[in-house]
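**Q** In the working numbering, the protein residues as written are 1 to 1102.
If you're looking for bench data, these hints aren't it; they were derived computationally from the structure. It cannot be assumed that every hint is accurate.
[As the list claims (entries may be wrong)] Straight-line C-alpha distance at most 25 Å; calculated SDA-like pairs for lysine to any residue: (1) Lys432 to Phe1065; (2) Lys1058 to His973; (3) Lys378 to Tyr93; (4) Lys289 to Gln209; (5) Lys315 to Thr405; (6) Lys1023 to Phe1065; (7) Lys337 to Ile320; (8) Lys493 to Ile373; (9) Lys1058 to Leu1085; (10) Lys1023 to Pro974; (11) Lys756 to Ala746; (12) Lys707 to Asn747; (13) Lys493 to Ser522; (14) Lys186 to Lys315; (15) Lys1045 to His991; (16) Lys707 to Val722; (17) Lys1023 to Lys1045; (18) Lys289 to Lys315; (19) Lys634 to Leu663; (20) Lys627 to Gly613; (21) Lys411 to His425; (22) Lys923 to Asp943; (23) Lys289 to Gln198; (24) Lys378 to Glu183.
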Amino acid sequence: MTSRSAGAPSTSENLRAAICMLAWITKRPHDLDELLPGNDRSGVESNDNLPTGARPPTTEVGATVSAIDSDFEDSAEDLEVIEDDEGMDEQSYLAVLQDRVLDRLAETLARFKSDPKERRLFPVDSKHVSSTMMIVYPQLTRVMLLCAKNEGLDQGGTSEDTEFLDSWRKCMECISKRGPAAEEAKASLFTLVLYYQQPRITYYLKKLQNAFTDSKVSKTPPHSNKANLSENWLRELDSIKYHSWVDDNGNKFKIPVGSSTRVDAESETAMTGGSWENINDEVGDIFDKVEKLSQFNLVDDAAAPFTDSQASLLKELMTITLSHWKSVRHRSAIKAKLQNRFRDAKQGHKRQKVVITALKFLCRVYLSVVTFIDAAEKTSMFQSIECVPIQVPPQQSQRDPSRETPMEVLKSLRIEVTGNGWADHLQQQRTKVDFYRFREQKRHMHAELQLLYNYDAFYSPRDEGSYVHPYIGCSKRCCLLCYCFILAHGGFKLRGTHETIMGKWELPTIFPSAESRAEFQSASEHLFRIIIAILQNLFRKSFPPTSLELLAQSSAALSTARTVSDQELGQMEKSELNLRQMMMMPMVTDDGVLITQTPGKPGFAYVMGGALGKGREMSLPEAELYKDNHIRSKLGLERREEMPAKQISALRVCRRCERPSRLRCSACRMSYCSTSCQRKNWKQHVFVCAVRNRPNDFDRLGIILSKLGMLRDEAARSQLLVDLFSDDHLCRAFGFVNCFDDEEVANLLCIYSHLKHIFQCKFNRIEIGRGNLGSFIEAWARFQHASDGDASSDYQCIPWYLARRALGFDVPNWEGQYVYQILGMRNAECTFSLRPADEDPTPLSPAESTVLSLYTHLFRRFNNVPDVYSSEWINFGFCFCRDKDQRDSLANMYIELAKSGTSLGEIAQAWETSSLSHLMQGKGIDLAFTEANGIGFHRPDVDEFGIYRLIAEVTHTVSGRFCDCFRPKGACHPKHETHLSRESEGDYGFHGTNAWERWQLLNFYNYVFRRPGFDARRMQRAKRHPGGEALEGYLDSLVSDFRRKMGNRYLADAMFPKIRGRLVFPDGRGHCYCVVHDVWTSEGLDWRIPGFFDTFVEENRA
1 MTSRSAGAPS
11 TSENLRAAIC
21 MLAWITKRPH
31 DLDELLPGND
41 RSGVESNDNL
51 PTGARPPTTE
61 VGATVSAIDS
71 DFEDSAEDLE
81 VIEDDEGMDE
91 QSYLAVLQDR
101 VLDRLAETLA
111 RFKSDPKERR
121 LFPVDSKHVS
131 STMMIVYPQL
141 TRVMLLCAKN
151 EGLDQGGTSE
161 DTEFLDSWRK
171 CMECISKRGP
181 AAEEAKASLF
191 TLVLYYQQPR
201 ITYYLKKLQN
211 AFTDSKVSKT
221 PPHSNKANLS
231 ENWLRELDSI
241 KYHSWVDDNG
251 NKFKIPVGSS
261 TRVDAESETA
271 MTGGSWENIN
281 DEVGDIFDKV
291 EKLSQFNLVD
301 DAAAPFTDSQ
311 ASLLKELMTI
321 TLSHWKSVRH
331 RSAIKAKLQN
341 RFRDAKQGHK
351 RQKVVITALK
361 FLCRVYLSVV
371 TFIDAAEKTS
381 MFQSIECVPI
391 QVPPQQSQRD
401 PSRETPMEVL
411 KSLRIEVTGN
421 GWADHLQQQR
431 TKVDFYRFRE
441 QKRHMHAELQ
451 LLYNYDAFYS
461 PRDEGSYVHP
471 YIGCSKRCCL
481 LCYCFILAHG
491 GFKLRGTHET
501 IMGKWELPTI
511 FPSAESRAEF
521 QSASEHLFRI
531 IIAILQNLFR
541 KSFPPTSLEL
551 LAQSSAALST
561 ARTVSDQELG
571 QMEKSELNLR
581 QMMMMPMVTD
591 DGVLITQTPG
601 KPGFAYVMGG
611 ALGKGREMSL
621 PEAELYKDNH
631 IRSKLGLERR
641 EEMPAKQISA
651 LRVCRRCERP
661 SRLRCSACRM
671 SYCSTSCQRK
681 NWKQHVFVCA
691 VRNRPNDFDR
701 LGIILSKLGM
711 LRDEAARSQL
721 LVDLFSDDHL
731 CRAFGFVNCF
741 DDEEVANLLC
751 IYSHLKHIFQ
761 CKFNRIEIGR
771 GNLGSFIEAW
781 ARFQHASDGD
791 ASSDYQCIPW
801 YLARRALGFD
811 VPNWEGQYVY
821 QILGMRNAEC
831 TFSLRPADED
841 PTPLSPAEST
851 VLSLYTHLFR
861 RFNNVPDVYS
871 SEWINFGFCF
881 CRDKDQRDSL
891 ANMYIELAKS
901 GTSLGEIAQA
911 WETSSLSHLM
921 QGKGIDLAFT
931 EANGIGFHRP
941 DVDEFGIYRL
951 IAEVTHTVSG
961 RFCDCFRPKG
971 ACHPKHETHL
981 SRESEGDYGF
991 HGTNAWERWQ
1001 LLNFYNYVFR
1011 RPGFDARRMQ
1021 RAKRHPGGEA
1031 LEGYLDSLVS
1041 DFRRKMGNRY
1051 LADAMFPKIR
1061 GRLVFPDGRG
1071 HCYCVVHDVW
1081 TSEGLDWRIP
1091 GFFDTFVEEN
1101 RA
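Construct the complete structure from the given sequences, taking the supplied hints into account.
**A** Okay, here's the thing in structure tokens:
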């Protein structure tokens, strides 16, 4: 055996003194409110502010509530957080399952619950706190479990702890072997845990009894008529539908609250537990069982077992409560029922918390059983189990504490006391006596350290293939000292820390070997340095410490103290962008500035270039400031530190030039220094000015009308329709939502063109919002038709409008759907003979839904060809087309296939098996066009998919619209990269770029993809050519001298863009179809917003 040597204080003695000093000075004193300045509470009669001895005695319920936080302080393990195992691989799931078994077994071994009243009278460290460790033997054939408690497990063949572990082992082995007795072993395991946990279960059952006893004693006056939270009660309340606002000129505005389309609709009522009729019986069953349990006569003697009826009722309550507690609705219903039950009861809110805490613990008991059974059934290691109760390691007899004063202890620890008030406080006689008594308390070793000591000394795996599971299970989160020590020791993880300082914390002093002593010695020195740093920081501040600087104490006001100064140090994750830039070896030219972070020295960087004669090291803020000032100087701007400070002035300044102003706009009171500035700023100011002739909906329509005369070809006409239907407000305001096809859109545009030419500015005075526009157009059309007669026949738009108006053509139409899209949907429905769901409820398959989505697009009269913003662009081969004519031809071939009598199921099956070309040939469709141009009817192959993925990624990113590209992706994307895949980033120059370079590349590629001569396949062949110059040559043929046009010697790297690099796939290119999705756009271009099309598919079936 090895032990400490006599002489100078050892590291363990210094550590013990430092821990005692830290726990003593950070405990919350009873007179803290008097010590802290500005906290004079005289005159405040709240019980929370009275000294402990002056407070009235608390009731049983109140005492129970005070211990709730300590009972369930593991918020991360709360039952309300249901762990999701989906998506885990087998190895990760096994590791998580082992962690849960260790934690649940430790919780089960902690079978007693200390009375919170006794803890206030006799402050001691938490007993019955248990810990577990797992050693796995080769081939997962056997497992050893080390078990420990703070006060030590009961040893011997007749002790309850040893008997429980032996019975638990037998049950687990029987379940894991899956024999005929497995089901009986499961029931036996539940019974075993129930009876072993009886002391703690009884404690919480008493709390349930006390909570439900006299719960109907009213705490409100008899005349109180407080309304219940119910659906009917909420419906009777008046709801605010409008806000009123009066401007500076006295004009009163009525602003609707909520939805602009249904401002007068009935408000939605809040959902309450009482409004779910289908779960009332289930929740009521829980409370019926609680009421029955509350009627039992529970004895204090833990040796008296539960009766059969009590045990059966407890099992039923635990089972149904756990199953219901996982549901958010059931949880809400339980809490709503409790709120209603204790609404008029004395201390009703506290009683609710007590009941919820007790129910959670009963759930946790059954959750342990479920976890044990799950682990035994899914792993073979539990077929052979060895449970080893750990004895408390031997300790040297604790010497009498020295009579050193606090100042002498700090001097021996080399801590300087410089804060105001500390020296006077530490030298007071009362302080010295209190410190000496604090050091007299007996110390003991926590369960986590017992496991760590025995593992290092005796149970370290020596067999080949054996290993220790790197996790220590705890019945509750461990104290701060254990947490820091185990992290410093290394090799094990924990469920967390409750940040409590245990002043009676002790380390082992006798070790069986020098090796085991060395492991503890290194961790002790690390913990000692942390505590010394905390103490030195505290003694540099003024006395007394603030409330936020007090550490949580297990023996002094744990529920009211907070820990802030000793939080776990979180390691900042290094920027992925900086790492990539360093890997690409950045360079600068001329007087550009290059910043390179110094390896091994966080927060510092090496700076070269600019006005520096030679490179030198700077802190990161200094380096960034230097580079920023350098770039600003090149752009003709002042340095950042020379920028004038912002000033707040009551003087009016000009809106445009910010000079003093004495003039105001006559319409909106905007300040200007002169009429010249007002005229120059009018182009921007007119959109917010209150002037009568400000731009309105008619002006926006005029922009569309001005483009009619510039249409040169079919592509320009299609683009005009896209621009028009991109504005939903414009389409609804002027009736374009009612048009069936592009000819009707042209007729309506023709009418508005005539009206604008005839009435000019007077046309703008019609109030669209009141529905006057449609009537005005009808009156004008009738007058025109009657007065001109034959002349009006030259304008097809007039008779067309009168005919459509007679059938119903609302202008404006704020609520209607786009008719041309509904027509495409109905055409698809008729072509494939889709019937309503009530006639054939069988749902469509995923492939059929995808094909139907394509045809609802193709059967429109315009805006009917899929583009890069839709998933059909890749799914059905439109990405292979190089221009609009090819896309139109491909769309006509799909329409011809549908009209040939082919069913939706046949097309879906052929598309799913990539055999659409054979199906078309069988239907007599000529495929010469697609074969000549290399156009397929399916997604590109994996090897060919890269360039089309890049096109979609770039277009989606710069479109300004939202889509799934903005959501985190899996392994096919780099870390923290949502838009670009690994292949796109590595092959096309994005790897290692800064933010400015990345945006330049995105806009450049977006421009390239829109060039008339762009060929995706040719660009990909150039990229994969053995010579790295092929891609540069191809891009230069589309955009001459593109390198010079893209570069910037101050904002970009000297070699930007670096497009000669490429990504290598030794095992073949992976499948990544994250980019195959629809981009959210206006309803006028695509009504298939998320959820709408799925509803339509579910309602129809072939």
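**Q** Taking the hints in turn, state whether each one holds.
**A** These are the hints, each one checked on the structure:
no.: 1; hint: Lys432 to Phe1065; result: violated, 71 Å
no.: 2; hint: Lys1058 to His973; result: holds, 20 Å
no.: 3; hint: Lys378 to Tyr93; result: holds, 10 Å
no.: 4; hint: Lys289 to Gln209; result: holds, 12 Å
no.: 5; hint: Lys315 to Thr405; result: violated, 57 Å
no.: 6; hint: Lys1023 to Phe1065; result: holds, 15 Å
no.: 7; hint: Lys337 to Ile320; result: holds, 16 Å
no.: 8; hint: Lys493 to Ile373; result: holds, 24 Å
no.: 9; hint: Lys1058 to Leu1085; result: violated, 38 Å
no.: 10; hint: Lys1023 to Pro974; result: holds, 21 Å
no.: 11; hint: Lys756 to Ala746; result: holds, 15 Å
no.: 12; hint: Lys707 to Asn747; result: holds, 15 Å
no.: 13; hint: Lys493 to Ser522; result: holds, 18 Å
no.: 14; hint: Lys186 to Lys315; result: holds, 13 Å
no.: 15; hint: Lys1045 to His991; result: holds, 20 Å
no.: 16; hint: Lys707 to Val722; result: holds, 13 Å
no.: 17; hint: Lys1023 to Lys1045; result: holds, 21 Å
no.: 18; hint: Lys289 to Lys315; result: holds, 10 Å
no.: 19; hint: Lys634 to Leu663; result: violated, 38 Å
no.: 20; hint: Lys627 to Gly613; result: holds, 15 Å
no.: 21; hint: Lys411 to His425; result: holds, 16 Å
no.: 22; hint: Lys923 to Asp943; result: violated, 30 Å
no.: 23; hint: Lys289 to Gln198; result: holds, 18 Å
no.: 24; hint: Lys378 to Glu183; result: holds, 15 Å
Consistency note: the structure conflicts with the earlier hints numbered 1, 5, 9, 19 and 22.
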